[in-house]
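Chemist: First to last, the protein sequences are chains A and B. The numbering of the first sequence is the working numbering, which starts it at 1 and goes up by one. The numbering of the second sequence is the working numbering, which starts it at 1 and goes up by one.
Since the hints were made in silico from the structure, they are not lab data. Note that this is a predicted model, so its numbers are computed, not measured. Warning: the hint list may mix true and false statements.
If you want a taste of the chain B side facing chain A, the calculated C-beta under 8 Å gives, among others [as the list claims (entries may be wrong)]: (1) Tyr22; (2) Leu352; (3) Thr362.
Note that the Cβ used here is the ideal one computed from N, Cα and C, for glycine as well.
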Amino acid sequence: MTINEIQDSIVEEFSLFDDWMDKYGLLIDLGNSLEPLDEKHKTPQNIIEGCQSRVWLNAEMNDGIITYQGESDAILVKGIVSLLIQVMSKHTPEEILNTELYFIDKIGLKEHLSPTRSNGLLAMVKQMKMFALAFKSRK
Amino acid sequence: MIDNIDIDKIRSEFPILKELIYKKPLVYFDNGATTQKPQCVLDRINYGYEHLNANIHRGVHYLSQKATEAHENARKTIADFLGAEKREEIVFTRGTTEAINLVAFSYGEAFCHEGDEVILSVMEHHSNIVPWQMLCERKKMTLRVVPMNENAELDMDAYKNLLNDKTKIVSITHVSNVLGTVNPVKEMISLAHARHIPVLIDGAQAVPHIAVNVQDLDADFYVFSGHKIYAPTGIGVLYGKEKWLNAIPPYQGGGEMIAQVSFEKTTYNELPYKFEAGTPDYIGSTALAEAVNYVQQIGIENIAAYEHALTTYATKRLLEIEQMRIVGTAAYKGAVISFLIGSIHPYDLGMLLDKLGIAVRTGHHCAQPLIDSLGLPGTVRASFGIYNTKAEVDIFIDALKRVVIMLS
Numbered sequence: 001m002t003i004n005e006i007q008d009s010i011v012e013e014f015s016l017f018d019d020w021m022d023k024y025g026l027l028i029d030l031g032n033s034l035e036p037l038d039e040k041h042k043t044p045q046n047i048i049e050g051c052q053s054r055v056w057l058n059a060e061m062n063d064g065i066i067t068y069q070g071e072s073d074a075i076l077v078k079g080i081v082s083l084l085i086q087v088m089s090k091h092t093p094e095e096i097l098n099t100e101l102y103f104i105d106k107i108g109l110k111e112h113l114s115p116t117r118s119n120g121l122l123a124m125v126k127q128m129k130m131f132a133l134a135f136k137s138r139k
Numbered sequence: 001m002i003d004n005i006d007i008d009k010i011r012s013e014f015p016i017l018k019e020l021i022y023k024k025p026l027v028y029f030d031n032g033a034t035t036q037k038p039q040c041v042l043d044r045i046n047y048g049y050e051h052l053n054a055n056i057h058r059g060v061h062y063l064s065q066k067a068t069e070a071h072e073n074a075r076k077t078i079a080d081f082l083g084a085e086k087r088e089e090i091v092f093t094r095g096t097t098e099a100i101n102l103v104a105f106s107y108g109e110a111f112c113h114e115g116d117e118v119i120l121s122v123m124e125h126h127s128n129i130v131p132w133q134m135l136c137e138r139k140k141m142t143l144r145v146v147p148m149n150e151n152a153e154l155d156m157d158a159y160k161n162l163l164n165d166k167t168k169i170v171s172i173t174h175v176s177n178v179l180g181t182v183n184p185v186k187e188m189i190s191l192a193h194a195r196h197i198p199v200l201i202d203g204a205q206a207v208p209h210i211a212v213n214v215q216d217l218d219a220d221f222y223v224f225s226g227h228k229i230y231a232p233t234g235i236g237v238l239y240g241k242e243k244w245l246n247a248i249p250p251y252q253g254g255g256e257m258i259a260q261v262s263f264e265k266t267t268y269n270e271l272p273y274k275f276e277a278g279t280p281d282y283i284g285s286t287a288l289a290e291a292v293n294y295v296q297q298i299g300i301e302n303i304a305a306y307e308h309a310l311t312t313y314a315t316k317r318l319l320e321i322e323q324m325r326i327v328g329t330a331a332y333k334g335a336v337i338s339f340l341i342g343s344i345h346p347y348d349l350g351m352l353l354d355k356l357g358i359a360v361r362t363g364h365h366c367a368q369p370l371i372d373s374l375g376l377p378g379t380v381r382a383s384f385g386i387y388n389t390k391a392e393v394d395i396f397i398d399a400l401k402r403v404v405i406m407l408s
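Using the sequences and the hints, build the whole thing.
Modeler: Listed below in structure tokens is the structure:
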């Protein structure tokens, strides 16, 4: 699936719920089922400090494809980390760099990416693209 | 005690309490961050601009005289409210932060030298840490920190040991914004004075909730913010004993704070104008006086008793929740409850409570050294004001129980 196809499928999944608490319930489930980040990747270099919560992000490239792994200490943030990884992982650096992330806005979770929340998510999106840029220039 | 408070009348005076948040009635438990404003304060702001707007202290014309009078009357109101000896001891600032910066800079310039020490406590807000750190960097001084015990009460023996001949000033919060602890500031001041060391008290979390008398405390400096006591943002107060305010240099230069200006030499105005450079916030000062009058009409003792009962009730109900951990269990506490539930992250609790119309603060509450010393990721904080009710506490507890199930 292309990045946009994945984004669209997430938007569809969330559209099944009109109640806020159900949407958050789904986010919590996603957070709980996110594969924990290997302790060896929880390094100071991989940490993205937010004012409210912390996010770790690790990226690796094999055969031109980037795989992201991440985690957070807050479960709602972890749920969004899980969505971001679903969308961005397993793509080429070019695909990632050319992506416009619209799904968060469409599923009504934009507030989590607002700079005023300072939960590390906005910095995480930036960091994902920075990794892609670094891998691209290394190719 | 609750007989003295007409809660329905009070609630009707705060327009924002009628707001719906995500179609639910607002439950505002973030009063430690800022308070809502009663209609009389909002009206006073409008009245100022509609009827009394002219720059003060410099006009011969009618409106300027009237505006000056209103600003100076506001100063008198604040002086009386704090129990200050003279109105000249009240300096208007932008808030607590600016007031502390003023003292840290000006007192530091006059009295501090390399090797000297400043004493703070572990439970200070960043605004009562960073200005002193900047002073310490500038003058090559050392910060000394009073620790606390497991009940979140300051360790008074440690404090006594920290006081020494190198100590140049002590700066301590009256009430902790995270833990709610009411510190024994009168005793702390008296211990410092025995060594001729002046003390600044950060009253931001005290003045809206408990009676404060600066002469009774014998505080050398006492500071607070208007917006935490039902007044607008951008106005605050520095109380300083006349002898100290006279002994320290101005903080900012500009209009209003001068006596004579020439390119060779400028002489400064008398107190309190020496510290009020530029056009003062005379709309803010009068609205602050209005808020203080409002608080005094209800009665600060009545407010303290009402909020104490509410805090006690909320604490009892919070403890119904399994794995509840109240952070800050001092014997004498203000209207603040910080807590954590099991291993649930405070951000998650706060976000879900928000969706249910409940405003609480989460995180480190601008007291990172304190939160780090407790080894916590942050806390959830409910902080109360005069318009909060037991019914709101019940809504809050039900909501909390609901989100805990979701997050467990």
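Chemist: Compare the structure with each hint and give your call.
Modeler: Hints and how they fare:
1. Tyr22: Since chain A brings a Cβ to about 7 Å from Tyr22/B, closer than 8 Å, the hint holds.
2. Leu352: Interface hint status for Leu352/B: holds (6 Å vs cutoff 8 Å).
3. Thr362: Result: holds, 6 Å to nearest chain A Cβ.
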